[in-house]
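Visitor: Please take these sequences and the hints and turn them into a complete structure.
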Amino acid sequence: MASSSSKRRKGKEPMEQPPFDAGRFKTAFHELQYERIKNKKILPELTFQFNKDECPKIREMIAQRGWQKLTNLETKINANLIKEFYVNAVREDSTRAPTFKSYVRGTEVDFIPNAITRTLQLKSPHFDELSYQVRISNAPEEDELEEIVNDMCVIGSDWKRYSDKRPRFIRRGDLIPEAKGWFELVRRSILPAANNSEVNIARATMEAIGYMASSYMEGKEQQLHVQAQRMDHQEKLLSSWMDQQREWQKQQMELQQEHYSQLTQAINQVSERQESQDKRLQELNQCHIAQMKAFNGFSVLNEGRQLH
Numbered sequence: 001m002a003s004s005s006s007k008r009r010k011g012k013e014p015m016e017q018p019p020f021d022a023g024r025f026k027t028a029f030h031e032l033q034y035e036r037i038k039n040k041k042i043l044p045e046l047t048f049q050f051n052k053d054e055c056p057k058i059r060e061m062i063a064q065r066g067w068q069k070l071t072n073l074e075t076k077i078n079a080n081l082i083k084e085f086y087v088n089a090v091r092e093d094s095t096r097a098p099t100f101k102s103y104v105r106g107t108e109v110d111f112i113p114n115a116i117t118r119t120l121q122l123k124s125p126h127f128d129e130l131s132y133q134v135r136i137s138n139a140p141e142e143d144e145l146e147e148i149v150n151d152m153c154v155i156g157s158d159w160k161r162y163s164d165k166r167p168r169f170i171r172r173g174d175l176i177p178e179a180k181g182w183f184e185l186v187r188r189s190i191l192p193a194a195n196n197s198e199v200n201i202a203r204a205t206m207e208a209i210g211y212m213a214s215s216y217m218e219g220k221e222q223q224l225h226v227q228a229q230r231m232d233h234q235e236k237l238l239s240s241w242m243d244q245q246r247e248w249q250k251q252q253m254e255l256q257q258e259h260y261s262q263l264t265q266a267i268n269q270v271s272e273r274q275e276s277q278d279k280r281l282q283e284l285n286q287c288h289i290a291q292m293k294a295f296n297g298f299s300v301l302n303e304g305r306q307l308h
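Taking UniProt numbering, the leading residue of the sequence shown gets 1, the next gets one more, and so forth.
Just so you know, the hints here were simulated from the structure itself, not pulled from any lab data.
Note that the structure is predicted; figures quoted are calculated from it, not measured.
Honestly, I wouldn't trust all of these hints.
Claimed, not checked - For lysine-lysine, the following DSSO-like pairs were computed, each having C-alpha atoms within a straight-line distance of at most 30 Å:
(1) K69 x K101
(2) K69 x K41
(3) K83 x K26
(4) K123 x K38
(5) K83 x K123
(6) K293 x K279
(7) K76 x K123
(8) K38 x K26
(9) K40 x K69
(10) K279 x K250
(11) K69 x K38
(12) K57 x K38
(13) K101 x K123
Guide: Next up, the structure:
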């Protein structure tokens, strides 16, 4: 029976966690999760590979969209680190919202969709069709299944069905070449599967979305190409107009400089003429003064003669 002192402490002091490897696990709870899976085998990612003469359009689209990292995932793995990542992502309280964060050897790892998108350097195209999750949660209608076969399979192909006529899968051999390429992408990088000969409804739906996204992206690429051409044309027009404006301003500056030069030259000529006239007036004035002096001297001399 517990002592009265222990009863008083109960609920007032947090329970001490048992010792655990804090360098590898967030809590003792997560270390316990590791013990449950440590002997399980890790299956590495499958790389997305084609033969040299296979699906050139798919490879071209991968290069255009920057999907190199998505289609060539790392195959050399450290199983212990992977297991630690997964166990540290487990929620102790399953009623709480997921944080999409884990912990690996002292480093917090964020694996929200945007973080994964940034890591793989992917773009997020937006289009108005239903998402994959919505399509799978609502079982595809018969006409949708027929459309998938018509889009992705050679003529005459159909779903392999159960005895009650429900569709099971499409044979890989019935896919057209481009659809085989999309199937490999889905099978290796998105919805892993060991069976390479059958395309079930989930993967066929994902492939159909891939085709839809492909058509959408091609349309967007065409729109962007047209927009780029228009922008180039506008830039050329603007550049031409700017060149004309610069040439006109240059001509105006040259005309103004020439006019200023002519005006300065005319002012200098007027100033020179003014100086010449002033100098001439001074000479005439001095001559007049000399004449007056001579006249006055002559008058005095004449008056003296008359007195004698």
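Visitor: All the hints need checking, so say for each whether the structure fits it.
Guide: Against the structure, the hints come out as follows:
no.	hint	in the structure
1	K69 x K101	22 Å, holds
2	K69 x K41	24 Å, holds
3	K83 x K26	13 Å, holds
4	K123 x K38	35 Å, violated
5	K83 x K123	29 Å, holds
6	K293 x K279	21 Å, holds
7	K76 x K123	26 Å, holds
8	K38 x K26	16 Å, holds
9	K40 x K69	27 Å, holds
10	K279 x K250	43 Å, violated
11	K69 x K38	28 Å, holds
12	K57 x K38	42 Å, violated
13	K101 x K123	22 Å, holds
Taken one by one, the earlier hints fail for this structure at numbers 4, 10, 12, listed in ascending order.
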